[in-house]
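Given chain A, put chain B in place with the hints provided.
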Amino acid sequence: MELNVLSNRKVGIVSCSGEGIPEGTVSRLACLKVLGKLKANETVTICLPLFIAGGEEERTFAKTFPTVTVDGCEKLCAAKATEMLSGKPSKSLVVSEILKKRGIAVPTKLRDFGNEEETAVNAVAEEIAKAVDEVLEKE
Amino acid sequence: MDKKQKKVVVVPCSGIGKSFGSVARETAHELVENVRPNVTVLTCLPLLVINDSDARQLITENPVITIDGCPKDCAKKSVESVGKKDFHTCRAATFYSTHKDLKPQGVTRLNDAGLKLARIAAEELAAKVDELVKEES
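Line by line, the protein sequences are chains A and B.
Using our numbering, you'd call the opening residue of the first sequence number 1 and step up by one each time.
Using our numbering, you'd call the opening residue of the second sequence number 1 and step up by one each time.
Pulled out of the complex, with its shape left as it was, chain A reads as follows:
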């Protein structure tokens, strides 16, 4: 991540990696959708494992730029790690809460997502994109 080439209008997206739960896969795929399609020009990814393991550029970015964290479950690993290592996230989203609010079933698979699971991914991606817009409006 080259901090000196980033414009001010960037939001860091921190996804929980959630290897052990389907919501973690939803988080990962929804974040990738935002980073690659929905808000490709306004967002950068912050690799949570690297962020945690001492990635200085990731930590510096999260101290300098706004962040949106996306967690799979109520343990809020991404939000807590971001706050602990860099600063309070601008927005903190939780997959299970988004799906509950929208009346969408939580996927039961860890991988090989199909159309049914894609609905959940799209819903979470939309909420992340909305959060990015709100953060940038405030900036």
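Mixed in with the good hints, there may be bad ones.
[Stated by the list, open to error] Within a straight-line C-alpha distance of at most 27 Å, the following computed DSSO-like cross-link-like pairs (lysine-lysine) qualify:
(1) B:18 / A:37
(2) B:6 / A:75
(3) A:80 / B:77
(4) B:116 / A:109
(5) B:72 / A:10
(6) A:75 / B:77
(7) B:72 / A:63
(8) A:130 / B:18
(9) A:75 / B:7
(10) B:72 / A:80
(11) B:128 / A:109
I should point out that these hints are in silico values taken from the structure, not numbers from a laboratory.
Bear in mind the structure is a predicted one, so any value in this text is a computation, not a measurement.
Chain B in isolation, oriented as in the chain A frame:
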């Protein structure tokens, strides 16, 4: 925890920006779901950082295999951070170095070569799982 109940804990890095992070994640899922489902268990790596007591206990009381996507070794470092010293580590790229025909591409969806590489990696790691299970029994 009863020795008979011990399982091998698999911790992949899941690096979100790299194909090898996806290979690491897919390898872990393949190993735990299909190759050695009864003797392995996954845990979420970030749980270790927020000091989740259940995750720490799982790591400290069971044999562990970490699968990293890149030389930064985030999964390995995270396991070390909870005081675990003796555990098996590997990198997804190492499996690619012996299977150069299977170049992984894509992050959201791994290409067929990446998926095949993950299946091969899981099969190769199964021998290490068996060894760790034998040591614990």
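Each hint tested on the structure:
1. B:18 / A:37: Given that 27 Å is the threshold and the Cα spacing comes to 17 Å, the pair holds.
2. B:6 / A:75: holds, 24 Å
3. A:80 / B:77: holds, 18 Å
4. B:116 / A:109: Holds. Residue 116 of chain B to residue 109 of chain A sits at ~20 Å (cutoff 27 Å).
5. B:72 / A:10: holds, 25 Å
6. A:75 / B:77: Holds, because 21 Å separates the two Cα atoms, which is no more than 27 Å.
7. B:72 / A:63: Holds. Residue 72 of chain B to residue 63 of chain A sits at ~21 Å (cutoff 27 Å).
8. A:130 / B:18: holds, 25 Å
9. A:75 / B:7: Distance ~23 Å between residue 75 of chain A and residue 7 of chain B Cα, so the pair holds.
10. B:72 / A:80: Between residue 72 of chain B and residue 80 of chain A the Cα gap is close to 22 Å, so the pair holds against 27 Å.
11. B:128 / A:109: Distance ~26 Å between residue 128 of chain B and residue 109 of chain A Cα, so the pair holds.
Checked against the numbered hints given earlier, this structure breaks none of them.
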